[in-house]
Amino acid sequence: MKIHLHVNGKAHALELDPDMPLLWALRDHVGLTGTKYGCGQALCGACVVHLDGEAVRSCVTPVSRADGRAVVTIEGLSPDGSHPLQKAWVELAVPQCGFCQAGQIMTAAALLKKNPQPSEVDIDTSMAGNLCRCGTYLRIRAAIERAVAEKGKGG
Amino acid sequence: MTARSGPPILLLRRTFLAGLGGALTGLALGSRVGVAGPALPPAVDEAVKAEAAAEGAGLRPNLFVHVTPNGGVTIACARAEMGQGVRSSLPVLIADELGADMRRVEVVQAPGDPAYGDQNTDGSHSVRGFYDALRKLGACARMMLIAAAAVRWRVPASTCEAHDHAVHHPATGRSLGFGELAIAAAKLPVPQDILLRPRVELLHVGKELPLLDGPDIVTGRAIFGADVRLPGMLTAVIARPPVVGGRATQHDASKTLAVPGVRHVVPLPAPQPPFAFQPLGGVAVVADDTWSALRGRARLEVTWAPGANGDYDSSEYCEVLLAAVSAPGHVVREVGDVVRALGSASKRVEATYHVPHLAHAAMEPPVAVVRFDGQKCEVWAATQNPQAARKEVARALDIAPDQVTVNVTLLGGAFGRKSKPDYVVEAALLAKATGSPVRVQWTREDDIQHDYYHTVSTQRLEAGLDEVGKVVAWRHRTAFPPIGSTFTDTTLSVPGELQQGVLDVPLAIANVRAENCEARAHTRIGWLRSVANIYHAFAVQSFIAEIAHARGSDPRETLLEIIGPPRLVGLEELGVQSLPNYDQPLAEHPIDTGRHRRVIERVTDMARWSDREQRNRALGLAVHRSFLTYVASVVSVIRDPEGRLVVDEVWTSLDAGTLVNRERVRSQFEGAVIFALGHALYGEITMKGGATVQSNFRDYRLMRIGEAPRAIHLDIVDSDGPSGGAGEPGVPPVAPALANAIFALTGQRVRELPIARSLKV
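Taken in sequence, the protein lines are chains A and B.
Just so it is clear: in the first sequence, position 20 is 20 by our numbering, and no numbers are missing.
Just so it is clear: in the second sequence, position 128 is 1128 by our numbering, and no numbers are missing.
If you are wondering where the hints come from, they were derived from the structure by calculation, not from laboratory data.
Be aware that one or more of the hints could be misleading.
[Claimed, not checked] Selected chain A positions facing chain B (Cβ under 7 angstroms, derived; list incomplete):
1) T33
2) Q41
3) A93
4) S119
5) R133
6) C134
7) G135
[Stated by the list, open to error] Ranges of calculated distance between the beta carbons of each label pair, as one might list FRET restraints:
8) B:Q1272 <-> A:S78: 47 to 57 angstroms
9) A:M1 <-> B:N1062: 22 to 32 angstroms
10) B:T1746 <-> A:S119: 47 to 57 angstroms
11) B:A1057 <-> A:A11: 37 to 47 angstroms
12) A:D19 <-> B:E1445: 14 to 24 angstroms
13) B:T1746 <-> A:Q41: 30 to 40 angstroms
14) B:R1103 <-> A:G9: 27 to 37 angstroms
15) A:S78 <-> B:D1373: 38 to 48 angstroms
16) B:E1201 <-> A:P116: 46 to 56 angstroms
Glycine included, every Cβ here is placed at the ideal spot set by N, Cα and C.
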């Protein structure tokens, strides 16, 4: 089936199995490897991308569902790594192995879009689906709070 | 920031950090993931080739340092980056000795080659194993640059100094940049007697250093194992025997081959025991892309013969371990006469502890890419152990190891799993069988069900108290299938495992005996972050708190009393013939109870131990020395409104000797708390019919953000002593501190992990 994907502002027309998860379409056919495979069952959040602005788990999202819609991956979150979350992530040295962090940031970005002033509980609730085996959770919380504070300053 | 576009992104991509803010500002390192030099990919363009040739010029006194005529400094990192921050740490030792401007330093990841020394990145020894060696490599380059400047200026080398990326002659105010000296320096002899800088001149070592790969990670550009793309590459997933040692007796691939995109179905040879680093066998489905391979595997019909481990049941096996510790084992540590002292004690305390199998479950499942042209083989793999990967691949392909290049990607977590290159060998066999470059992708189910598991263990501890409550006897029996069983037919654990919380525990007790009880493995056993320390520290530190309760005293006071006064504890006092001591001489890294006591005192001060009696909250304490680092943790537990036990805060004091990158040390100890809490609360792998019951994060539960403590407070003892480890030592004290806190809060003693088995968490 011909699938039209708009990924990070760029159009792709691909001949794909409509059931193929968006994750594999992005990684194997669009050539964007920033979105990660961690579980394949919507259990870990490493594969989170934005579909029309909503955070979705690309490992269980059939590519047909993304047909004609706008997909944003970690590579397209900002042109140069300048999204407040990306900056906060680097400043607080959040990543350890780094593998889950694209999904963490994309989930957090969707949260902040909906809820620019999240409480601690909001953060924990929204980020509950994103696993980090290295255990960077406390810095993830702190980085989201920092990004919120920086935005509040107009930065 | 600059980034080269075009296909050879993996091998030669380069990024420079820009605009770091906050506390980390001041040091920027460039990064380049991939191979250092040889084997450019076929798609490489002419400009890249020309630059590669230009980069070959300049000063290259050893494999690790390269100063180019344009002033670039390239430093090889030969240890694998799995999140411990080695790429952000080790190169700084070279750069500081050199006197380099960190903004002009680029780090390249070395391929697997014995010429780089030990590259098996495990055992928390990257810093202690390379601290002096890397300094010497940097100092050697500095001495050659200085010598070149001295010749140019006709002055004695001793009147010159190197800093800020240049050599200076203070007497005359002259300076020459490293780049201007590189070609001349390269013509000079490599000095044999290397002069290290005084420690104070190492400007960055020991400080909070920025994360080299941070900007690439947060923008999705960092290259992990699964991100490698080669022209014509196929993707494979493998149906492996559910039971270790089992094999496929027959398979029907007709439905698989009907899946569009599936190219090959390849049966793999069944391994012969000992399983070591051999692939597990099974049937591989090789396809144009991952989805086709997964669909193809789902349609594969395989009949499995379970083999010798087909009746392994981990819950029944608990009874076997219990029986093992109920009888005397091999005495491995003895002081005094423990049998008599237990017999004549006024009071006896006894307890049995059980810790289940655990899986590593790194966020990136194992993955490797291999290209093989019939003679030469090139590997890209998320591996902790590229030299072992090289050796095993060479063996599997029947070629010489020097025909195999192993490029190391970022690891996506490892925790010991990725020291075993079975998955790399799978990719090599499939590249050979198909004639195409092949990426083997493990699914999460593959990862959870075919791990080299953390062993399962049971321990029995007995103490005898005299009439005033003083501990006069201590017997510790430990039974666990040893790691050695993966490599040879053995049921006996070795000093390398027993030193981790049995042989090395300081005990100011007159009669001590430790016994090693044999246990047979029925699955692949491997090492997992902090290894045998996990279960031994859990038992020993829980038991000391049980003794405190039995005699009605403060657990902290009891712990300090059992450790005894500050002193160096030698072999005689331990009651052992020898101690591996993490491959370091005891003279250099003694067992120093003063350091145990100090971290206990500091952590309990920080956590306000004396105020621990509070409603609806309780504290637990534990201390443990592992990988030559001393760590004490306090855990606070509360009950939430639904009656669940929740970890509220954790305090850790650590003494790891000299640090290289204080920030990555902090991050390792923060992460260790989460890692250990997750295991203690929920972590459990069980087996039935020889096969692993759990398959994904649904049933192999890890800690999630909402379950993480509200705060982790770290306290680092300032030290210029020899370096201990940082990646693993944070783990062992956390589980017993948690169990001790739960006892203090609820009166229920956890002797079996995970805690979720018996309590509402």
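Each hint tested on the structure:
no.	hint	in the structure
1	T33	holds, 4 angstroms
2	Q41	holds, 6 angstroms
3	A93	holds, 4 angstroms
4	S119	violated, 13 angstroms
5	R133	holds, 5 angstroms
6	C134	holds, 5 angstroms
7	G135	holds, 3 angstroms
8	B:Q1272 <-> A:S78: 47 to 57 angstroms	holds, 53 angstroms
9	A:M1 <-> B:N1062: 22 to 32 angstroms	violated, 56 angstroms
10	B:T1746 <-> A:S119: 47 to 57 angstroms	violated, 30 angstroms
11	B:A1057 <-> A:A11: 37 to 47 angstroms	holds, 44 angstroms
12	A:D19 <-> B:E1445: 14 to 24 angstroms	holds, 19 angstroms
13	B:T1746 <-> A:Q41: 30 to 40 angstroms	holds, 34 angstroms
14	B:R1103 <-> A:G9: 27 to 37 angstroms	holds, 32 angstroms
15	A:S78 <-> B:D1373: 38 to 48 angstroms	holds, 41 angstroms
16	B:E1201 <-> A:P116: 46 to 56 angstroms	holds, 47 angstroms
Consistency with the previously given hints fails for numbers 4, 9 and 10, ordered from lowest to highest.
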